[in-house]
Amino acid sequence: MKIKSILSFGAIVAVASMAISALVGITSITAAHAADKVKVGFVYLTTPGDHGWTYAHEVGRQQVEKHFGDKVETTFVENVPEGPDSARVIRELAKQGNDIIFTTSFGYMDHTIKVAKEFPNVKFEHITGYKRSTNVATGNIRFYEGRYVQGVVAGLMTKSNKIGYVASFPIPEVIQGINAFGIGLRSVNPKAEVSVIWVNSWYDPVKEADAAKVHIAEGADILAQHTDSPAMLQTAQKAGALGFGQSSDMKAFAPKAQLFSSVNNWGPYYINKIQQLMDGKWSTGDGPDHWAGNTWVGMSDDFLVLSPFENMPADVAAAAAKAAADIKSGANKIFTGPIKDNTGKLRVPAGKTLNDGELFTTLDYYVDGIAGKIPG
Amino acid sequence: MEALMLTVLLTSVPLIFAATGELVAERSGVLNLGVEGMMLMGAVSAFAATAIVGNPYLGVLAGAVAGAMTALVFSLFALGLATNQVATGLALTIFGTGLSGLVGAPFVGGTIEGLPNLAIPLLADLPVIGNLLFNHDFMAYLSIGFLLAVGWFLRRTRAGLVLRAVGNSHDSAHALGYPVLLVRFCAVSFGGMMAGLGGAYLPLVLTPHWSEGMTAGRGWIALALVVFASWIPSRILVGALLFGGITIMQLAGQARGWVVPSQMLSMLPYIATIIVLVVIARNREFALANSPACLGRLFIGSK
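Each protein sequence line maps, in turn, to chains A and B.
Going by the working numbering, the first residue of the first sequence is number 1, and it counts up by one from there.
Going by the working numbering, the first residue of the second sequence is number 377, and it counts up by one from there.
These are computed hints drawn from the structure, not numbers from a lab.
The C-beta atom is built at its ideal place from N, Cα and C for all residues, glycine as well.
Just so you know, nobody snuck in bad clues.
Computed spacing ranges between beta-carbons, pair by pair: (1) B/Gln-639 x A/Asn-161: 28 to 36 Å; (2) B/Leu-508 x A/Asn-161: 24 to 32 Å; (3) A/Gly-219 x B/Trp-528: 40 to 48 Å; (4) A/Asp-302 x B/Gly-430: 31 to 39 Å; (5) B/Gly-506 x A/Asn-355: 56 to 64 Å; (6) A/Asp-326 x B/Leu-653: 54 to 62 Å; (7) B/Arg-658 x A/Asn-200: 28 to 36 Å; (8) A/Ser-329 x B/Gly-430: 41 to 49 Å; (9) B/Ala-481 x A/Asn-200: 21 to 29 Å.
Derived EDC-like pairs: lysine to aspartate or glutamate, alpha-carbon spacing no greater than 20 Å straight-line: (10) A/Lys-238 x B/Asp-513; (11) A/Lys-238 x B/Glu-378; (12) A/Lys-256 x B/Glu-489; (13) A/Lys-251 x B/Glu-489; (14) A/Lys-238 x B/Glu-489.
Working from the sequences, and respecting the hints, build out all of it.
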């Protein structure tokens, strides 16, 4: 009896572990092999689906295929967690003979660096990280530019003067976005204020929806997000509030609530770097002390695109278009003084503009217009 | 304030379903730690059915059936082969997490039309409480209905008495000629169905999405709630509302600018659960008065 139960316990564990290893397997899709093509690998955080961060990368990959035709061969691996597992996946892609590998999430940073050392002849491009080596370059988009325009629209559209912001993690990129939003908001509306709820996740539709509900219950009528699911916009639409989409155009999810989405456009970056590789001109650029990445551009190069302005009167849309045009032309650098923090202390004196390194290292405060404190 | 309370109520519903189901299983003497896995299977099936057929009520049904089917796996091993219930339950959670991810892969990023609100005529027009209590979706009413029905069943019916007898002393029940394993099979299946319904509530009402692991620990909270409720159905309602309240309060606290780290606030619901369990455990009489004596014990009937 005792032996029997131990045996069956063992059987359960064996069956369960077999099932798990079969089920939690990472899916990989590989195109047919050909020798003279440039082979390009992509590592994705989630399945691309039809919205959000990874979807935007997938659109970029498709642009690469379209642009180069049969001169390239692309492979992607989806659903790769941001832990040690990612090193295994990146190594596998390198072994398969990929010439250049794009790792598309911040959390792959250390693992990309580690694997790159083992494959000195393969080029690596890490998205949104700041560590580089001889064969690892980095790329990023100035997401905060779109958030400034969001702030302008929010300031003009709000009736309650309460804006709700659903944020993921307090890392530099997200703080830049919140502060750019606040600067845009304050440029048109001295009374409106942003409150921030951190959900400590990039993608958690239940929690994002809960946060949106709470914002609305607390009186917010405009919502912004730095998380990936359309749950916030859908909640806004249900409650009659308005909001902004993230990473890709989320209009389809909430046609009555979306003011516009900031859309990430990775295609030109991918195409540019692959072309460099083909021409023998690929480089890592500045060197490892430069924070923001070898490639860090935004609306000026159409790396960041705003979807059409909707659900707003023509004068607000015109103001948004003007704000976008000023950023695009370089007339408005956004983080130009005077910038005060939300306690009234002057942080950036008039006439000074924060440089890229400072955007990453000095923003440890919320600007005027954002309530509360940065956690941690 | 009213809007916040409404959000709290909705957050509690999945817990009421899952905890009520687990309570029945435990009252029959079976500890099924697979609630999280069964909830995930319910969630993904409800989403998939609704996405394919377009009818959220069919999604409710799919969630219930999927939960019960997942519980069958548990019954097969833990009851049929008398395997260790703790290990089998844990395996079921891991199994459900993996399988739901696999089944749900094509549905990531999709969206559905969720359950509509059904206002109860007249009552819904009452000031304040009308909107809070009588203007909900079908499943919210269903959860309370099940809770009341389970309370009545366990206390007032002969079948309920048999179920409790099986949970308290399976050998005596067996000697009296009651089908111990059949009773437990039914209780575990009911528990699975309820966990499936609790999981289904997430995509059908809370947010019209499927994402891997979207229950985010609610199954474990449901298990804790059963102990919190000291195996009495009506107390589940109190526990679920308390937990829902703290979940929403930590978000509202951030929106109101409380100067507490958000990570700390995110821990609150779990810390509260632990504190409550410790407090309850101090009074053993109260804690164990309704605790099934044969909980988690293996039963192999004489031939």
